[in-house]
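Novice: Sequence:
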Amino acid sequence: MVYNIIEVANTHGGSIDYIHSLLDEYSQYKDGFGIKFQPFRYDEIATKDYEWYDVYKSIFIKEEDWNGIIDIAIKTKEIWLDIFDEYGIKILNNNISKISGIKLQASVLFNYSVLNALSQTSLNDKKVIINVAAYDIKQIKERIMEIKKLMNPREILIEIGFQSYPTELGDSGLSKITKIKANFNNRIVFADHVDGQSEESVILPVIASLIGADVVEKHVMHSSLETKYDMFSSITVDRYNRYITLQNMYLELLKMPFITNKEKEYLRKTIQIPILKEDVKKGKLVAKSLLSYKRCGKSGLNTKELENVIQNYNVLATDKVSGNALKLEDFKKANIATIVACRLKSTRLRRKALLPIGDYASIELCLKNVLKFENVNHTILATSTEVEDSELENYIYRNDVIFHRGDPDDVIDRYLGIARKLKIDIIIRVTGDCPYVSNDILQYLLQSHFEKGADYTTGKGAAIGTNIEIINVEALEKVKKYFPKAQYSEYMTWYFQNNPEHFELNIVNLPEKWCRNYRLTLDYEEDLILFNEIEKYFKEQNIEYSIDHLFRYLDKNPQIAKINSHLTLKFQSDKELIKTLNERTRISNMKLGLGTVQFGIDYGITNQRGKTNFSEVKRILNFAKQKDIKLLDTAAAYGDSEKKLGDVIGSDNHFKIVTKITNIFNQKNIEQHIVNQVNQSLHNLQRDHLEVLMIHHAEDLLNVDGPVCYEVLKDLKMKNVISKIGCSIYEPNDIEKLLSKYQLDVIQVPINIFDQRLISGNYLKLLKEQKIEIHARSLFLQGLILMEPKNIPSSLKNIVPYVNNLRLEAEKHQLTPLQLALQFVKSITEIDYVIVGVNNLQQLIEIEQSFKHTSNNDVDFRKFAISDVKLIDPRKWNGV
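Position 480 of the sequence shown, counted from 1, bears residue number 654 in the numbering used here, the numbering being contiguous throughout.
Among the hints, a few may not be true.
Said to hold, decoys possible - DSSO-like cross-link-like pairs, simulated, lysine-lysine; straight-line CA separation at most 30 Å: (1) LYS942 x LYS804; (2) LYS659 x LYS204; (3) LYS455 x LYS654; (4) LYS736 x LYS519; (5) LYS765 x LYS1037; (6) LYS710 x LYS749; (7) LYS468 x LYS451; (8) LYS659 x LYS634; (9) LYS542 x LYS713; (10) LYS1000 x LYS455; (11) LYS785 x LYS468; (12) LYS652 x LYS942.
Treat the hints as calculated values from the structure; they're not laboratory data.
Please build the complete structure, drawing on both the sequences and the hints.
Specialist: If you want it as structure tokens, here you go:
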């Protein structure tokens, strides 16, 4: 609360009646208010030659009158006196019991007659205000010390502000408040002397109150009686009322809680809450990459609330649709399980899981330490259905460990079997040959896994055998979808770390205290020797295992750690294995695109129906949209294909159009020719933009007019008529020629199980190094690959043995020829789009289903490659 002093000064002009009437006007101000008078004697305060001497004489008030004034004023307010001379001290002494405090002007602070006289007055229960106008910090400190030494008052207050009849705003001293606050513990008085008629005379003292003034001294005058002196900075009672009202109102604001209820309500109504950017399946952790933040008419968790939910190890309990907010009821506590994979088929160290380490079999020691894991609902020992592995059921260490048997080779399938049965959400993956896994590391990684909304989390820097992997079951199901037979699932890590665009990977740098180069996995005899040394030490010292205890022992005994330090992990040193893992665990990003040549012309060696009619085109395109097939490949040379597309889909933004221009060579005005073709295509397609504009034949870019053609395409791209520039090629060596001359965005290539020229020549890798999008066409060689051998034209009889071999291989793997042909293409990770042409809806349905569900059988496709170009290039079939 700010204390207010009503300053009378010399507004009374020596009139006792004026003072009495003024006291009456301000009588309403009681608690928390003081009033200050200036009793002085003219011949003590000034000499006769001073310009204001006669005025001082005319306004002089006698002792008995001051005594009467003080008696009236004390009824409503505390009394303060300005002391200028010994006469003022006499008035002070006459009324000492009624006076709360005195003020010493800056001009009086070196008046030792007054100071010494005051030292003889008992002021130890009084307050003293010292005005410090024109004093620096050092001088202020000196004056405070002097006053304290001479008078020993109860409190010394520091006043800023001076009278300049009136004082200009810039000289008000407002800026001094914070500096004095920083240097002194004394309370601060703000004396306001600005023009009493200005708005600042009301506002300025309010501001001073808000920024730290503890006391405000304000000059006042009578509202109707004549005021002869000190009227410049004085205000009347109505303006004083306004000042006090404003002061109370704004000071009350300082008492408001840091956050008000209405403030909370404002934030609740306007806060941008997390909104899902895409559909999310139950069991998924909510990563920030899945969220956008918007003001929303739907209720939902705000960011902080969502973070709290996630940090408490919750996952989605239900499928959620894009565009929705998240609510508390959408989550459930994650069902977390540790799955320890173990078999007895090891070759380097036979039946290593049962070998003794200290008092336990190796697998038991692993389970013993795994059971220390916190925030885990189940501990599972997962092995195969092979007879030899049944013995492991006798080594579960504790009865609450679940023994599970599953697929002998597919570890992912084995994990998912028990995960589905127990409705597990999060798997902590441990291999049974790692007995020294750490709860400390797990808790560190688990917290990070949920905070990041990861699909897969592991540590970086851990000693071999002490690291842990955390995997969402939902993500593992996704791997299973892409790899129905995950042949390399023993190396499960690769399926995640090799596919960062499909999974939220969280590779966590572990604290330095948990990072070492030690080898703590069991594969060789040396590992077993080391582990027994460790357990011997723990037993002798009566120490229960922890990662910190283990590292302390190995750090102090490097000769022990060296026992197996020369050994390496196969998957880290076997280059051929690494190459295979990188290739065979990669999820293909390729998408289906729909070729539309059959919509406009009679195309394909197997086509018995001619071009596709309009109603069938509509059915095909509706299905394509339903299955999220977006890319449509057409060309000006495909008859009325463009027009049919335009009539069916118009400006439907779901579809992206690729079209091609041709007949460029020997045109008189190449630029106009291209622009005319593009405009005609846009007109036919009922669009104003193309995703890709391709040159239909590479020769048009490789001849002498190629650079002119390319510049026109660049101009169309700059004008946003097209997004990408592309070229369709027939000969593999055209790729190097094109790349040496132009910067292309897309290249369309012929490729299929028989035509592997682009693979053997490393052309696809070359394109990917240049970050060029690859569209693959001719997957089925106009349907020839899928034909019954007996129906193949006699002119192509030399291809029949290859088709027969393909069919035999497909049957061997329980696939159709279509599925095997698609499996080949899906094995080529460089391809972005696979363009398939169809005559009817049923063909597209079969292709889409086969493309989506193609298995990952281990087929050596190289044996199907045909080197005879006359068989794999349809342009040359007429000559066969």
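Novice: Next, verify each hint and record whether it holds.
Specialist: Hint check results:
1. A C-alpha spacing of about 22 Å is found between LYS942 and LYS804, which places the hinted pair at or below 30 Å, so the restraint holds.
2. Taking the CA atoms of LYS659 and LYS204, the gap is near 90 Å; set against the 30 Å cutoff, the hint is violated.
3. For the proposed pair LYS455 and LYS654, the alpha carbon gap of about 15 Å is at most 30 Å, so the pair holds.
4. Proposed proximity of LYS736 and LYS519 is supported: the alpha carbons are some 27 Å apart, at most 30 Å.
5. For the hint linking LYS765 to LYS1037, the alpha-carbon distance of about 26 Å falls within 30 Å, and the restraint holds.
6. For the hint linking LYS710 to LYS749, the alpha-carbon distance of about 37 Å lies beyond 30 Å, and the restraint is violated.
7. About 11 Å separates the Cα atoms of LYS468 and LYS451, which keeps this hinted pair within 30 Å; it holds.
8. A hinted pair counts as satisfied when its Cα atoms are at most 30 Å apart, and LYS659 with LYS634 qualifies at roughly 29 Å.
9. Distance check on the hinted pair: LYS542 and LYS713 sit about 15 Å apart at the alpha-carbon level, within 30 Å; holds.
10. Between the alpha carbons of LYS1000 and LYS455 the distance comes to roughly 26 Å, so the proposed pair stays at or under 30 Å and holds.
11. With a C-alpha separation of about 49 Å, the suggested pair LYS785 and LYS468 falls outside the 30 Å cut-off, and the hint is violated.
12. Distance check on the hinted pair: LYS652 and LYS942 sit about 26 Å apart at the alpha-carbon level, within 30 Å; holds.
In terms of the numbered hints stated before, the structure departs from hints 2, 6 and 11, listed from lowest to highest.
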